[in-house]
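Residue numbers (our numbering), protein chains in the order written: chain A, 1 to 249; chain B, 1001 to 1207.
Derived from the structure by calculation, the hints contain no laboratory data. Fair warning: there could be bad hints in the mix.
[Unchecked claim] With a Cα cut of at most 27 Å, we get these calculated DSS-like pairs of lysine-lysine:
| no. | chain 1 | residue 1 | chain 2 | residue 2 |
| --- | --- | --- | --- | --- |
| 1 | A | K128 | A | K165 |
| 2 | B | K1143 | A | K165 |
| 3 | B | K1143 | A | K128 |
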Amino acid sequence: MKRPDLDRASIAPELRRLERRLMLKGAISLGGLAMLSGCTLDDEPAVERALARVMSLTDRAQALLFSRHRLAREFDAARITRPFPFNAYYGQEDVRTVDPAGWRLEVSGLVADRRPWSLAQFRALPQKRQITRHICVEGWSAIGCWSGVPLSVFLHHVGADLRAKYVDFHCFDDYSTSIDMATALHPQTIMVLDFDDTALPAAYGAPMKIRIPTKLGYKNPKYLAAISVTNRFPGGYWEDQGYDWFGGS
Amino acid sequence: MPRPRRTPARVIRITHWIGALSMLVMIGSGWQIYNASPILPFTFPPWLTLGGWLAGGIAWHFAAMWVLMGAGIVYGTYGVVSGHFRRDLRLRGMGAIGRDMGLALRFRLSHTPGHYNAVQRLLYTGVLIVACLTVASGLSIWKPVQLGWLCWLFGGYDLARRIHFTMMALIVGFLVVHVVLALLVPSTLFGMVFGRRPAPHDPEAVR
């Protein structure tokens, strides 16, 4: 059989088209491969470890960025979000309550005076009020009005070791979180007794929550039961599941 | 005459691919984060997102952030010091952009290794500015207190979040156009991997 005469110039466009199609095919299957591996990539223990290591680097950067003197913006009362959203790791129907008269805050760790505190004792201390933006790690935010005792005032009162690394919070809804000492001593970090100038309602953490406008929502524990000053890394409910520990904003 | 260096320069090729990969990770993990609290009436299909859940998405997002910022700083420094920005990316006049855009839309725009046409200059300069705004707006919603001035520049937390999203959309738009154009002229894709000798008759390319 006689081969047809092939003229290079006449087949050039055809060749180019073919070349492009092959390139496209290659690109698509490469993309598909990347996506496939993307789904299982996180389950790989080595990848998980690497991500955790980078996260602790990010946390160090966050700690460096933090300034004890830089204040979160405060807003006018007109900007308060109404109704302020309820948020917890469970639904609002499962909110737990305690008798405020019988409630005591357990104090432990590196402090001189470990006697538990009643609400009346907190009421007797100087109070601070703030209208600040609560920012959730999910991205939404809401402006609220909180007042209570600055955590630094309380820590001084109980003779806490202020060179300790962490302040650890445990809650009676089985939530927990912990913060760095620098943030604990920040002037806007307060032990909240009132929301919107009335006693803290059950939905927002009665009888006491910690409000830290320099940190994300999950670092602002509600339903407080115990506080501890420590040098041992305490972790927290969400932090132990993979959220970054510093959680600063 | 010394043999001209391959183009694009090796620094550009390496930072391009590191940047491209980290940008894809930023987008996939960013969609995961977006889905946790959407600002528009839709969410991204989970198979297009990275990280499995919000905490995983955040971990990937910040890991890729460091890589992208590193590549960006190396590329930006090189771009200024080597004259790459001035030589290759400085915008041409509206006339040249119109002419090249017309040629590009009719698939007649020729590609000469080492030479950036007016459409490329416009797109690349544009996406670099958008990328910088994406990083800046992202930093502002990550650190609305510590970088309060940056958050203020973007009009506050809520607006900054929307700007961050919009910049992402612009980058995705660029990505689609860029990938389609690169596939239409596969030699450019090859060039961005291995580099090519600039065309000898092009005085602009031989440096």
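Each hint tested on the structure:
Pair hint K128/A plus K165/A holds up; C-alpha atoms about 25 Å apart against a cutoff of 27 Å. Pair hint K1143/B plus K165/A holds up; C-alpha atoms about 22 Å apart against a cutoff of 27 Å. Between the alpha carbons of K1143/B and K128/A the distance comes to roughly 24 Å, so the proposed pair stays at or under 27 Å and holds.
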